[in-house]
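**Q** Whole structure, please, built from the sequences with the hints as guidance.
Throughout, our numbering is defined as the position within the sequence shown, counted from one, plus 37.
Be aware that a few hints might be false.
As the list claims (entries may be wrong) - Distance ranges between label pairs, derived from CB positions:
| no. | residue 1 | residue 2 | range |
| --- | --- | --- | --- |
| 1 | Glu139 | Arg57 | 17 to 23 Å |
| 2 | Glu77 | Glu142 | 22 to 28 Å |
| 3 | Glu43 | Ala144 | 15 to 21 Å |
| 4 | Glu42 | Arg124 | 20 to 26 Å |
Said to hold, decoys possible - List time: in silico DSS-like cross-link candidates among lysine-lysine, alpha-carbon distance up to 25 Å:
| no. | residue 1 | residue 2 |
| --- | --- | --- |
| 5 | Lys55 | Lys123 |
| 6 | Lys63 | Lys123 |
| 7 | Lys55 | Lys78 |
Rather than coming from a laboratory, the hints here were simulated on the basis of the structure.
The beta carbon of each residue, even a glycine, is placed where N, CA and C say it ideally should be.
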Amino acid sequence: MSANEERAAVVFPTFGGKARTVGGTKLVMSSDDVRQALDEKTDIDAEDWPDETVRCVMRWTAKLTSRDDDGDRDPRDEANLLTLTKRNGRLALQAERDEWLEWSEDAAARLDGEGGPN
Numbered sequence: 038m039s040a041n042e043e044r045a046a047v048v049f050p051t052f053g054g055k056a057r058t059v060g061g062t063k064l065v066m067s068s069d070d071v072r073q074a075l076d077e078k079t080d081i082d083a084e085d086w087p088d089e090t091v092r093c094v095m096r097w098t099a100k101l102t103s104r105d106d107d108g109d110r111d112p113r114d115e116a117n118l119l120t121l122t123k124r125n126g127r128l129a130l131q132a133e134r135d136e137w138l139e140w141s142e143d144a145a146a147r148l149d150g151e152g153g154p155n
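**A** Next comes the structure, spelled out in structure tokens:
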């Protein structure tokens with residue numbers, strides 16, 4: 038796993054808590070939110086993360102939510118749980134609110150059924 042894939046695995050679980058509801062149907066996590074998540078989850082301050090690294094982490098976060106095979110994953114595919122998009126001229130991760138909530142509930146139920154943390 039590459040360093041940016043590992044960083045994406047750190048960012049993904051923060052999506053639900055950091056994303057903002059937009060238009061009532063979308064959850065959006067800005068590049069600044071991703072930078073802040075990296076700051077909180079690593080020993081590197083937010084302002085020290087290079088823009089290109091943040092972009093790569095966002096691409097990987099979206100790609101890792103794809104249902105496609107590794108070689109066919111597209112971060113901008115709207116079938117992904119999280120899609121890489123642009124909002125106000127800046128990169129953002131976006132999810133359909135209902136789809137995200139359903140996925141989160143299913144994941145929590147699976148963890149609960151396996152004796153995992155509540």
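**Q** Decide, hint by hint, whether the structure agrees.
**A** Hint check:
1. Glu139 / Arg57: 17 to 23 Å: holds (19 Å)
2. Glu77 / Glu142: 22 to 28 Å: Between Glu77 and Glu142, where Cβ atoms are some 25 Å apart, the hint holds.
3. Glu43 / Ala144: 15 to 21 Å: Because 20 Å falls inside the window, the suggested range holds.
4. Glu42 / Arg124: 20 to 26 Å: holds (24 Å)
5. Lys55 / Lys123: holds (17 Å)
6. Lys63 / Lys123: holds (13 Å)
7. Lys55 / Lys78: Answer holds: Lys55 to Lys78 is near 13 Å, not above 25 Å.
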